Amino acid sequence: MSMMDGTLRVLVVDDEEGMREGMRRVLERSSFQVDLAENGEEAIKLLEENTYDLALIDLKMPGIDGFEVTRYINETLGHQTVIVIVSALATVEAAMEVTRQGAFDFLVKPFVPKDLKQVVERAARQHRLILEREKYLTELASERNLSRQLINSMYEGVVVLNINREPVLMNPKAESFLSVRYKPQLSLQELGLSEEIVNAIDDILQSDSPRDEVRIRREHVGDRMLEIRVNPYQREGENAGVIVILEDVTLQWQAEQDKTRFISMVAHELKSPIAAIINYINIILTGMFDDQVEKIHEMMERSKIRGEALLDLIRDLLFLNQSDAGKVEKAIEKLELKGVLLDQLEFFKAQADRNGITLSLEAPEGEYPVRLDRKDLDRITMNLISNGIKYNREGGSLTLTIQQEGESVVVKVRDTGIGMSEEEMKGLFAEFYRVKNPSTSGIPGTGLGLATVKRIIGEYNGSIQVDSRPGEGSTFTVTLPRA
Amino acid sequence: MKKILIVDDDPDLQAGQKDYLEGHGYEVLTAGGMQEGLQVLQSTAPDLILVDLMMEHYDAGFVFCAKVREKPELAGVPIIMQTSARDKLGFTPDSYDEKARSWMKADTILSKPVAPEDLLKTIRQYLQG
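Residue numbers (the numbering used here), protein chains in the order written: chain A, 1 to 483; chain B, 1001 to 1129.
Calculated from the structure, these hints are not laboratory results.
Quick caveat: nothing in here was measured; it's all calculated off a predicted structure.
Cβ atoms here follow ideal geometry from the backbone N, Cα and C, with glycine treated the same way.
It is possible that part of the hints are untrue.
If you want the footprint, here are the derived chain A segments under chain B, 3+ residues with CB under 8 Å [what the hints assert, rightly or not]: (1) 278 to 285; (2) 299 to 308.
Listing some non-contacts, in silico: residues in chain A with all C-beta distances to chain B over 12 Å [as the list claims (entries may be wrong)]: (3) R29; (4) E38; (5) L335; (6) A363; (7) S386.
Over the 10 Å line for every Cβ pair with chain B, so calculated as not near, a few chain A residues [what the hints assert, rightly or not]: (8) T91; (9) M288; (10) A331; (11) G356.
Start from the sequences and build out the full structure, keeping to the hints where you can.
Take a look at the structure:
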């Protein structure tokens, strides 16, 4: 449109002055803006300088005639100018010829103002249609642009294959997942997808009737685990290609793997004590030790210990499960570490006495406040003290020390027990890890204690370290932020 | 007196089977793991070996069997594997055939916990043959 207010701009080209002026009067009365040209050359000059919505062109002019002006408008300028040819040559052939040249309509001379108005109104309508179509095409193009941007910003990788199984679109995520740069004429093989995925793609493309089914498969691609979905892509009910969506599920997959591994370890740990207990019972039931009561008692005593250890394990597992599910409500409070440790040592005194182990606490004068849930702090210290007694030697000692270090409070739990080698310390804080050697084989444990301790300490932004030497003992160092 | 070596990381299974087998007239040696078991074999040649599968590692029992079979002097010693994962390995007593024997190196595989009578029966079967 040439004018912002919606007035259409018309170019009238005619070598007869009377004709030109007559048309101008009629058109201006109908609110058109009119420019006049008296020959083809003048018309082309005006067309180069201005944009016209409509052009009324006389066919027969000296020099450049109406056909040539029409051709010029359509081919050279490519303007969306609606052309009406004005001519006395009222033949069917002439009408067909001008239409072929790209004119929209034909006005036969001589004509009355009403004829002119009708033709021009039709042309104006046509012009409006052209504008609307243009607007629609522009919108479509920007929508396409938007779709493309959407696809490019997706978290998933997208690959579109046409009916000839050629990749026609790949977003940057897909390029990065598959380590392939998109280029025209890229082949399906070059994407490096598995045979199963390629088969699924071919299945969809080759099926006679379009299918809605989506194929999903997980596979390793590079160091990622991708969930690959192959979706049929249909246009008007016909197979048009395939859309492949690639989702990075590596973290999820790892978590599932860990869970599976954890569950099979739990199953093994649960089975072992039960197998041991059943084994003792089976032997007792054979009756072969019926006359050796002390042997039977010994087996029952061991069964009891294993049963209790199994209960401990189940309790620890439930605790782990609760903290996993976030079910444990924390009552975090300011606690004085020295007091808590003295309480704990008091609690363990009887057990330590039975094993001939001396317990002691060393702490310089002062306060050692920490912020934890009392149950969590108990769990940490009980586990470490209990280990220090269990893995100690007869007549050994367990020493707790508290120190202030910068913004932290440091607790050391030092035993004089069997200790560990470098090799044995690896994985010490992992779930179900237990040091296995002849000196530990009779000591019950769930393999969850230190894993739980480390986990709780982590929740309070603390840390735990171990230092140990075989035959000399171990020192566990817990660092917690000072409250 | 026939000599049996029990290799198991569970001290109670070890102790129970030791008592039971001693009560049936066998001399029993014990080891708490693959390494300890191999050490015992350096100085003693038992008539039969009972071995657990999951010890230091989940497949320590297999490794142990393979190492025993490498020793010519132990080539003929029957090995009975006991594991709680037998069914997970896909074996039933019937499906444990020559092929399985050739790669697992154990003569038979029993599901834990093994009933004492079944253990005794199996041991007698291998010690007679």
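> Which of the listed hints are broken here?
Replying inline: Hint 9 alone not satisfied by this model.
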